[in-house]
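There are 2 protein chains.
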Amino acid sequence: MSTILIKNVNILTMNKDKDIIEKGVVFIKDEKIADVGNEALLDRYSPDIIIDGEDGILIPGMVNTHTHVSMTPFRSLGDDIPDRLKKYIFPLEKMLVDKELVKVGAKYGIVEMLLAGVTTFVDMYYFEDEVAKVAKKLGIRGVLGETIVNFVAPDAKEPYEGLEYSKWFIEKWKDDHLIIPGVAPHAPYTNDTIHLQKAMDLAKKYDIPMIMHVAEMDYEYRQYKEEYNLTPVQYLDHIGVLNKNLIAAHLVHVNDEDLELLKKKEVGIAHNVGANAKGAKGVCPAAKMYHKDMRIGLGTDGPMSGNTLDIITQMGLVGKIHKLFNKDRSLLPASEIVEMATIGGAKAIHLEKEIGSIEVGKKADLVIMETQSINMQPIYDYYATLVYSANTSNVDTVMVDGKILVENKKLKYVDVMEITKDLKNIQGKILEIVKKL
Amino acid sequence: MSTILIKNVNILTMNKDKDIIEKGVVFIKDEKIADVGNEALLDRYSPDIIIDGEDGILIPGMVNTHTHVSMTPFRSLGDDIPDRLKKYIFPLEKMLVDKELVKVGAKYGIVEMLLAGVTTFVDMYYFEDEVAKVAKKLGIRGVLGETIVNFVAPDAKEPYEGLEYSKWFIEKWKDDHLIIPGVAPHAPYTNDTIHLQKAMDLAKKYDIPMIMHVAEMDYEYRQYKEEYNLTPVQYLDHIGVLNKNLIAAHLVHVNDEDLELLKKKEVGIAHNVGANAKGAKGVCPAAKMYHKDMRIGLGTDGPMSGNTLDIITQMGLVGKIHKLFNKDRSLLPASEIVEMATIGGAKAIHLEKEIGSIEVGKKADLVIMETQSINMQPIYDYYATLVYSANTSNVDTVMVDGKILVENKKLKYVDVMEITKDLKNIQGKILEIVKKL
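Protein chains in written order, with the numbering used here: chain L, -3 to 433; chain P, -3 to 433.
Derived from the structure by calculation, the hints contain no laboratory data. Please note: incorrect hints may appear among the correct ones.
In this list, chains with the same sequence are indistinguishable; a pair is considered to hold if it fits within one copy or across any two.
[As the list claims (entries may be wrong)] Pairs of lysine-lysine residues, derived as DSS-like cross-links and limited to a Cα-Cα distance of at most 30 Å, are as follows:
no.	residue 1	residue 2
1	Lys417	Lys221
2	Lys261	Lys99
3	Lys288	Lys3
4	Lys3	Lys431
5	Lys240	Lys200
Note that this is a predicted model, so its numbers are computed, not measured.
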């Protein structure tokens, strides 16, 4: 594999001290970051490939800690409809979701993520093996779980069939370099106790993540209070599935005791600020979580909820919404938000030893944000520029495991026209069904 | 002047019925929209220029109802610092703001707005004549006012000198085709009653806008309650400056009675959702205002507050923040947000007879949003795509008064490199001062 040297970049290392190296240099060898420093490194190496960052900002690849990537074919459908999940999404999925849709949706969404600087994503959906194959082929890192629910699903003739699928799926992918299989019960309110426990047993057996929506819905909170006099988080602890294997998405309806429990059990947190806001679900206490040094990263949720799959948009929202809700403009300054988008996300999925910062020995998952575009100047504070000014069009170069996937804002190995054509075919079928809804 | 025909676009007319014309055609003659319809129009005209919209979305040019464009040289400086206005911005301005900075900042910011599909902006700052000259030259429509304050300002050796400047400025620009001069007292709490009244007298004399920050600050609300037992809005009414000449920015701290007053007096409203959120100022009751059929448009505020100067980012924020605060995901659906960004903005500045919708007889201020980029597909609802998925990089073509200013995402008549160089020179000077702060 070629050695690569990146020069002329302003490196936000996102290491413990948040060191910034201006006119920085990174040397990449055998898929990993082999050296990080200033221009003095230029004389030390004879790389196969040199990338001139043109005074851009080099950041660790961003982590999308929660999505349903294959839902891209449904994007912009029924965005402003109340109680959409049960009235709209579940029926649509039942009628339309098959292997082909999952494959096409995954391709499209993964391409979107790569172009936006997301190098690792956490996904749960149906036919998840299709997502895994596409992710592997496109070169993105994926933490992927098959959805388990208590009703008949697109790829399950009986309730809870997802559990059997998961066993097969995990065996198939458990030794892969890029794909980390998980197990993904949809939510506490769509799984009974015994199946939640079985799912966690599986996660523990292989030491893989259990991905689940937790405390997203107000009715979920009320239900557990009425039925058990427990919060959803306390209930999960009570049945023994609250531990470090869990990646909990949303956590909107949680109290201070829940936070203590989640911290103690080292649960990973996927904070989906945009989707939660658009869905009027409420606000996850992300600032408190951050200040308690919990494992919190950012997620987009699926494209029917969060629409775009990039983390840059979420960074812009995190600051604004939490400052506003807490009436404190100094809360969660930009550097802490970039932290959530990178090393925070890595911590949320327990991969912080491998990804999430620009340090020697870590996997070379890297993103160069260009600073030539009009929205990116002037820069007094790199973090503020990323959080308050950048958008996805500023992503210039993206690398996963030391492989350059995006160069000059274009995918190197993918024909986007072809992928868009496939998406539009599927869209035609969806339109036929939607007309009848 | 050349006649222009735009074809192969999906037209969001933003007329009263919100008509949408797919595969639409617009014919432009003498700076105005001369015809709007479907493909049948293709045979009717022999235009000088034909623009193929390539299945993009054609919308009225967006209106930025509130900014301080010349503050672009300060962008990304001190974003997360509390009580910034008095501790940070005012001192910095006093030391640094001169004609040159205003000119360079205006150039840079106006270029940014044009590239982002903003065709009309409302601005208040110092040396506003420099802004007017730059706006005129670059071809953007501007409603511009010189700031009037009760202290020594960058261009005023004595308090309230801005009033004299305004008289001269208004006389200079009052008959211009593109620039609408206004008068701009900074805020009720930085102007005494007599000067607020004098400013409004001037606005009435010429029938031009009076631009002012109103009810933005919590201390402002408390001060008027204590001093007069009135809200800031009631106070303005009490002293006779609440009327249709007023464009009031922010209106965060207002009660239901204030809304009735504002509606009755036909006050224009600039809703700066992003800047208000980031500054932890609170939430303007924009949904209520919209439902009361008030004159509400969107604004960015200055680039030290709102950072980017585009309205697309604000559209994305409006939905999320108001749905969240009102716990209703169906509140302010995407079409109503696009309305605020276009015809709503035009109403806020009392130009709705001339701009803000795609109707015969209106000025040809138009924007084509391309739909080829990965974030823009699939489309089931054009409005949702614009509000929940689009970003500034999707702006393809921008026209003001029938003159094409942006084509294929590039400015036709401006050297962006040159403008960026000027900005970086100014940034160097700012850095010297900031070090000493």
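Practice prompt. List, from low to high, the hint numbers that the structure doesn't satisfy.
Written response: 1, 2, 3
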